[in-house]
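Protein chains: 4
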Amino acid sequence: MPKQKLLQLLQEITEDRIPFNKLIGMKIDNLDLENIKIRFEMRPELVGNFMRGNLHGGVISTVLDVTGGMLAWTGIMKKMEGSTFEEITERFAKIGTIDLRVDYLRPGLGKYFIATGSTLRAGNKLSVIRMELHNDEGILIAVGTGSYVVG
Amino acid sequence: MPKQKLLQLLQEITEDRIPFNKLIGMKIDNLDLENIKIRFEMRPELVGNFMRGNLHGGVISTVLDVTGGMLAWTGIMKKMEGSTFEEITERFAKIGTIDLRVDYLRPGLGKYFIATGSTLRAGNKLSVIRMELHNDEGILIAVGTGSYVVG
Amino acid sequence: MPKQKLLQLLQEITEDRIPFNKLIGMKIDNLDLENIKIRFEMRPELVGNFMRGNLHGGVISTVLDVTGGMLAWTGIMKKMEGSTFEEITERFAKIGTIDLRVDYLRPGLGKYFIATGSTLRAGNKLSVIRMELHNDEGILIAVGTGSYVVG
Amino acid sequence: MPKQKLLQLLQEITEDRIPFNKLIGMKIDNLDLENIKIRFEMRPELVGNFMRGNLHGGVISTVLDVTGGMLAWTGIMKKMEGSTFEEITERFAKIGTIDLRVDYLRPGLGKYFIATGSTLRAGNKLSVIRMELHNDEGILIAVGTGSYVVG
Chain A
0 MPKQKLLQLL QEITEDRIPF NKLIGMKIDN LDLENIKIRF EMRPELVGNF MRGNLHGGVI
60 STVLDVTGGM LAWTGIMKKM EGSTFEEITE RFAKIGTIDL RVDYLRPGLG KYFIATGSTL
120 RAGNKLSVIR MELHNDEGIL IAVGTGSYVV G
Chain B
0 MPKQKLLQLL QEITEDRIPF NKLIGMKIDN LDLENIKIRF EMRPELVGNF MRGNLHGGVI
60 STVLDVTGGM LAWTGIMKKM EGSTFEEITE RFAKIGTIDL RVDYLRPGLG KYFIATGSTL
120 RAGNKLSVIR MELHNDEGIL IAVGTGSYVV G
Chain C
0 MPKQKLLQLL QEITEDRIPF NKLIGMKIDN LDLENIKIRF EMRPELVGNF MRGNLHGGVI
60 STVLDVTGGM LAWTGIMKKM EGSTFEEITE RFAKIGTIDL RVDYLRPGLG KYFIATGSTL
120 RAGNKLSVIR MELHNDEGIL IAVGTGSYVV G
Chain D
0 MPKQKLLQLL QEITEDRIPF NKLIGMKIDN LDLENIKIRF EMRPELVGNF MRGNLHGGVI
60 STVLDVTGGM LAWTGIMKKM EGSTFEEITE RFAKIGTIDL RVDYLRPGLG KYFIATGSTL
120 RAGNKLSVIR MELHNDEGIL IAVGTGSYVV G
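Chains as they are written, first to last, in numbering that gives the first Met the number 0: chain A, 0 to 150; chain B, 0 to 150; chain C, 0 to 150; chain D, 0 to 150.
Possibly wrong hints are sitting among the right ones.
One copy or two, it doesn't matter: identical chains are merged, so the pair holds either way.
Simulated crosslink set (BS3-like; lysine-lysine; CA at most 27 Å straight-line) [unchecked claim]:
| id | residue 1 | residue 2 |
| --- | --- | --- |
| 1 | LYS93 | LYS110 |
| 2 | LYS78 | LYS93 |
| 3 | LYS4 | LYS36 |
| 4 | LYS77 | LYS124 |
| 5 | LYS93 | LYS77 |
| 6 | LYS2 | LYS77 |
Just so you know, these hints were derived from the structure itself, not from any lab.
Put together the whole structure using the sequences plus the hints.
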């Protein structure tokens with residue numbers, strides 16, 4: 000199966016088949032084997048503190064966790080070049096978040112938000128990913144670090 | 000303002016005025032100055048992995064963060080006995096999550112889930128809270144630790 | 000190999016064969032398959048802030064990490080009853096800390112300190128352990144949560 | 000008091016007046032208001048696993064915590080330009096680690112190690128710092144994130 004098709008499938012699942020992601024309105028702006036960029040618009044449903052109008056902390060941790068999980072997925076894809084679709088999806092079913100730390104640095108205010116990540120370690124059993132959330136003005140809103148089981 | 004009324008107001012805000020909490024369907028089963036118990040039912044909207052049907056990790060981290068935040072609130076209330084409603088709500092506006100760690104121990108499967116917490120430290124500037132999520136069979140699904148700024 | 004002998008070996012290694020543990024002066028007060036209790040005395044070498052005379056944060060995180068690691072070990076021993084010494088030690092060599100969170104709750108003041116832990120999850124690949132440090136008066140000084148790879 | 004003198008004092012305290020730092024042999028290679036670089040040599044006393052000869056996890060978490068703490072200090076110095084020595088040292092006495100996460104990415108093997116950090120947030124009450132440890136070949140051994148109370 001061509002790599003590009005698998006990435007497209009990942010994108011479809013993440014955007015359309017996971018209701019909680021849809022609630023947040025996550026859209027994948029960019030996805031390849033090394034990088035990911037998830038975008039979502041500010042909406043009233045995502046507000047945590049109605050006096051200040053900022054993002055709910057749970058929205059932030061959800062998006063950062065999804066961002067890290069997708070990089071754990073693409074890290075596995077890179078290691079499995081040449082494998083069949085079945086082998087890869089079987090492996091995907093084993094991927095899960097072990098633990099996550101989120102640091103809420105500044106109030107989640109903005110028109111839209113961009114989550115990115117970078118892989119600190121891509122092992123055979125474990126991946127460790129660092130994530131960041133910026134707003135539309137490029138201000139760093141939150142960072143996270145996640146450990147993912149990948150095999 | 001009587002303490003009981005303030006706790007009721009906190010409950011109303013948490014359940015009804017924060018859209019993201021409503022999406023999850025959090026209901027406060029029990030709330031006093033020392034304890035909290037938040038309950039939510041499993042629903043298709045909360046599923047993360049549609050093959051396994053378990054809770055989205057973001058639902059778990061959201062509920063644990065809200066649980067910790069409410070204990071940070073009641074910790075402040077305890078310290079402010081005798082203060083006016085205005086003084087207390089002014090203080091409430093300063094409360095926020097500094098950081099959160101979540102450990103996803105077992106798949107989030109169950110009919111409903113119960114989040115509880117315990118206060119490790121209730122300071123004048125900072126509170127540290129430990130949270131747990133169990134399912135309807137009493138199985139421990141996830142734990143968390145959060146640091147909250149309270150003044 | 001009798002279980003009791005293996006636990007004794009673990010204790011010897013932890014107390015005597017790891018120089019950094021010896022520097023801190025860790026002594027295992029109690030060790031069985033379910034529980035651990037590590038004790039160390041306050042000494043000038045362990046002070047972090049010489050104006051306040053409290054424990055160095057690094058001493059605290061070191062002791063909590065060792066405590067968690069030992070519970071990850073005994074969790075494996077429980078699963079391997081009937082295995083040979085070689086099988087068990089081969090497995091032990093794979094155990095390592097994935098990540099650790101430490102919350103420094105109160106100044107590390109006291110005559111001696113006791114570290115304990117409890118296992119939140121003992122899986123075939125991963126263990127998650129929660130640790131606590133109390134001083135000689137029973138005051139909770141710090142808590143931690145660690146993820147350990149065990150297979 | 001000239002800024003340069005205060006930085007020199009910080010360096011002296013960190014290297015010489017904190018016994019646990021001396022045990023590890025931390026040397027400050029570079030320190031200004033924005034950056035820090037701490038170096039230490041591999042020595043037998045710092046080994047955790049005597050079969051593999053790698054750094055004890057506690058050494059890693061200690062060095063990362065000290066690195067973060069020093070950046071929290073210099074962040075305060077930047078905000079206090081023009082203050083007296085007494086005002087600054089009084090403020091310094093309030094600085095402490097709230098919590099720390101360490102991710103152990105690769106075995107701590109090398110001739111020497113370099114710890115660096117970057118400030119994610121420098122507030123009036125809180126600072127959040129991200130730390131990294133590389134070995135002499137530039138391999139990333141561990142990362143950390145710490146929250147520090149600064150006022």
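These are the hints, each one checked on the structure:
1. In this assembly of identical chains, the alpha carbons of LYS93 and LYS110 lie at most 27 Å apart only when taken from different copies (23 Å versus 35 Å within one copy).
2. For a Cα distance limit of 27 Å, the shortest separation of LYS78 from LYS93 qualifies both inside one copy, at 15 Å, and across copies, at 22 Å.
3. For the homomeric pair LYS4 and LYS36, the shortest alpha-carbon distance inside one copy (18 Å) is at most 27 Å, but the shortest distance between copies (44 Å) is not.
4. Taking CA atoms no more than 27 Å apart as the test, LYS77 paired with LYS124 passes in both settings, with 14 Å inside one copy and 22 Å between copies.
5. Within a single copy, LYS93 and LYS77 get their C-alpha atoms as close as 16 Å, and across copies as close as 25 Å, so both meet the 27 Å cut-off.
6. Taking the shortest Cα distances, LYS2 and LYS77 sit within 27 Å of each other inside one copy (9 Å), while across copies they are farther apart (43 Å).
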